[in-house]
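Asker: Two chains, each in its own frame: build the complex with the hints.
Chains A and B, in that order, give the protein sequences.
The first sequence begins at 21 in the numbering used here and counts up one residue at a time.
The second sequence begins at 211 in the numbering used here and counts up one residue at a time.
Think of the hints as simulated: they come from the structure by calculation, not from any bench.
Don't be surprised by glycine CBs; every beta carbon is placed ideally from N, CA and C.
Treat the hints loosely; a few may be bogus.
[Stated by the list, open to error] Some residues of chain B that are not near chain A, with every Cβ distance over 10 Å (derived):
#, residue
1, A226
2, D236
3, S238
4, N268
5, F274
6, S275
7, N277
8, A281
9, A282
10, K283
11, S290
[To be verified] From the structure, some residues in chain B lie toward chain A, with a derived Cβ separation under 7 Å:
#, residue
12, M221
13, Y243
14, F245
15, R253
16, L257
17, R260
18, K314
19, W317
[Claimed, not checked] Estimated spans, in silico, between C-beta atoms of each pair:
#, chain 1, residue 1, chain 2, residue 2, range
20, A, V132, B, P250, 26 to 36 Å
21, B, E271, A, V132, 40 to 50 Å
22, A, V132, B, A282, 23 to 33 Å
23, A, K34, B, A281, 50 to 60 Å
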Amino acid sequence: NAGVTQTPKFQVLKTGQSMTLQCAQDMNHEYMSWYRQDPGMGLRLIHYSVGAGITDQGEVPNGYNVSRSTTEDFPLRLLSAAPSQTSVYFCASTSNPGNGYTFGSGTRLTVV
Amino acid sequence: AQTVTQSQPEMSVQEAETVTLSCTYDTSESDYYLFWYKQPPSRQMILVIRQEAYKQQNATENRFSVNFQKAAKSFSLKISDSQLGDAAMYFCAYRRYNAGNNRKLIWGLGTSLAVNP
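Isolated chain B (complex conformation) (with noise of 0.2 Å):
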């Protein structure tokens, strides 16, 4: 069965500072999506940022960018030029390609960010 894991349960970063999210899954899969997903606390999830897995590009958002590790299963978020509005709850998810019946976002624990002035 398919895991995700996010090693840090709470981040902190200086305003206009640089931060690594990280995100690992487990799959015997060689196609499937990865997403970070945003939860503020008005508490409505947002997508971030997504990942095919078949594509070797990273994929990159404005000021959020990953680094998309498929041999090391590694799947992590970097927010660059951090805000006060990026703090938040992230949340890493995985799904597979060819869901088929089995069509449920596999999601990881979250990791809290707090952004300091």
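Chain A extracted, bound-state conformation (with noise of 0.2 Å):
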């Protein structure tokens, strides 16, 4: 099925340890974007791309790093793993911003 694929759905981590969350998307987008969601503050955008090979910070990106070597996929890195980036994290992909975006499901990370 076309859409924005996430994985993991859940994930535990200890503190300091890294990993990545992988989204990829079979539209053909050329717009990615990483959020995570927190109770209480919404959606905070960590980091977007407008095409493979750029990348740009969001309002968030402290303790995560982000490339796009292809046009699908969008892997989000954490670097080392803080219980203040418990939360779940959703990318989002779009032809065109103007249009909206289409979600993935989301992963739901907890840092302990």
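Answerer: Below you can see the structure in the form of structure tokens.
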């Protein structure tokens, strides 16, 4: 099925561990974004990309890295997990931001 | 800076009835997009409806329609003939029309809608 696929759906990390959240889309969308969703704070943009090889920071980029080597994939790397990174993470993509984004089903990350 | 406010943290509606969710925003731009997204318990964000600010006509998608009042900076969502499957968190979002490097969506904090049988 066409769409945005995020893996894993759930993850528990220990403080200081690193990991990569995977995001793949098969709709040939140029624009991809990572958000985190926290209670009472809505969705906040972590990083975004406007095409392969082009990434930029959002409003809360610290502690996260991204790369965009292909149009399809946009992984999010946590460098050294902290409890403050406990959140639900969403990847989203679109061919035209004015038309709205297609979201993945999210990853619930807990850092202990 | 643009902001989006959803003043109703929680709402409820009886099945088959109509409910309206409120959203106001603050911007100095004249051209922009507005969106309503639905997040059911499954967690996935689903685009419900979008509105382009330069269009006078209110957007409609089946049972979902908006009341877009540009001068008042208001963008409410009306759900007609509410169904149990409409129970979800609803988010209002804003994006500049010509965002340039400022490409982020501005999100409200959401309204939790319960549908009572």
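Asker: Hints first: check each against the structure and report whether it holds.
Answerer: Status of each hint after checking the structure:
{"no.": "1", "hint": "A226", "verdict": "28 Å, holds"}
{"no.": "2", "hint": "D236", "verdict": "15 Å, holds"}
{"no.": "3", "hint": "S238", "verdict": "19 Å, holds"}
{"no.": "4", "hint": "N268", "verdict": "17 Å, holds"}
{"no.": "5", "hint": "F274", "verdict": "13 Å, holds"}
{"no.": "6", "hint": "S275", "verdict": "16 Å, holds"}
{"no.": "7", "hint": "N277", "verdict": "19 Å, holds"}
{"no.": "8", "hint": "A281", "verdict": "22 Å, holds"}
{"no.": "9", "hint": "A282", "verdict": "22 Å, holds"}
{"no.": "10", "hint": "K283", "verdict": "18 Å, holds"}
{"no.": "11", "hint": "S290", "verdict": "21 Å, holds"}
{"no.": "12", "hint": "M221", "verdict": "17 Å, violated"}
{"no.": "13", "hint": "Y243", "verdict": "5 Å, holds"}
{"no.": "14", "hint": "F245", "verdict": "5 Å, holds"}
{"no.": "15", "hint": "R253", "verdict": "5 Å, holds"}
{"no.": "16", "hint": "L257", "verdict": "4 Å, holds"}
{"no.": "17", "hint": "R260", "verdict": "5 Å, holds"}
{"no.": "18", "hint": "K314", "verdict": "4 Å, holds"}
{"no.": "19", "hint": "W317", "verdict": "4 Å, holds"}
{"no.": "20", "hint": "A:V132 x B:P250: 26 to 36 Å", "verdict": "28 Å, holds"}
{"no.": "21", "hint": "B:E271 x A:V132: 40 to 50 Å", "verdict": "42 Å, holds"}
{"no.": "22", "hint": "A:V132 x B:A282: 23 to 33 Å", "verdict": "47 Å, violated"}
{"no.": "23", "hint": "A:K34 x B:A281: 50 to 60 Å", "verdict": "53 Å, holds"}
Of the numbered hints listed earlier, those contradicted by the structure are 12 and 22.
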